[in-house]
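Undergrad: Chains as they are written, first to last, in our numbering: chain A, 1 to 117; chain B, 118 to 229.
A few of these clues could be false.
Partner residues aside, some chain A positions facing chain B, computed with beta carbon under 7 Å [unchecked claim]: (1) I26; (2) H29; (3) F108; (4) G109; (5) G111.
Think of the hints as simulated: they come from the structure by calculation, not from any bench. Note that the Cβ used here is the ideal one computed from N, Cα and C, for glycine as well.
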Amino acid sequence: DTGVSQDPRHKITKRGQNVTFRCDPISEHNRLYWYRQTLGQGPEFLTYFQNEAQLEKSRLLSDRFSAERPKGSFSTLEIQRTEQGDSAMYLCASSLVRAYLNTGELFFGEGSRLTVL
Amino acid sequence: KNQVEQSPQSLIILEGKNCTLQCNYTVSPFSNLRWYKQDTGRGPVSLTIMTFSENTKSNGRYTATLDADTKQSSLHITASQLSDSASYICVVSGQAGTALIFGKGTTLSVSS
């Protein structure tokens, strides 16, 4: 399978615990995005990387959230001291962008569903 | 404010019938408009991408239209199948790298 893969698919944790999600994008894609989606809503932008550089972060990304893409390949999204409001589907997407202003076609992973008890 | 509004919020149709989903946007400047299909508990899958100069684009039984003057798009599904039951999300891209504005989606249920 050469699509975007996310791990784990499901995570149940207790409030206050830390969780980490991993995303493996399509291999030649230079952009990687993280989104959060709650029930009945469209995905909300969290952050994106161009290769290993994190170029933008949403205001939704509080200081408890941190994302990395150390070698420009896979990425991790860590949530520290989880709260019940963090319960959501966390979606990763990747794209190949050739022009600076071109977002490219996004390919999404299946998501990581987080439940905070 | 850049916004994407979709209607209806939800829709129930009988298998074999056609339906049309609407998307209105206020995103400016405009780069392209995308429609995604999202099955329950899965990630979105791209159906079409249309740029400013494209009025119609088809992908099998899915046909998207774009009127950049009125900032409206529609997604028409022909001869619906049970597998079309999903959320359909309209996404508009501005000209900045991350300016992807997502609609909340229309939930389509196809029943037999």
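Undergrad: If you check each hint against the structure, which ones fail?
TA: 1, 2
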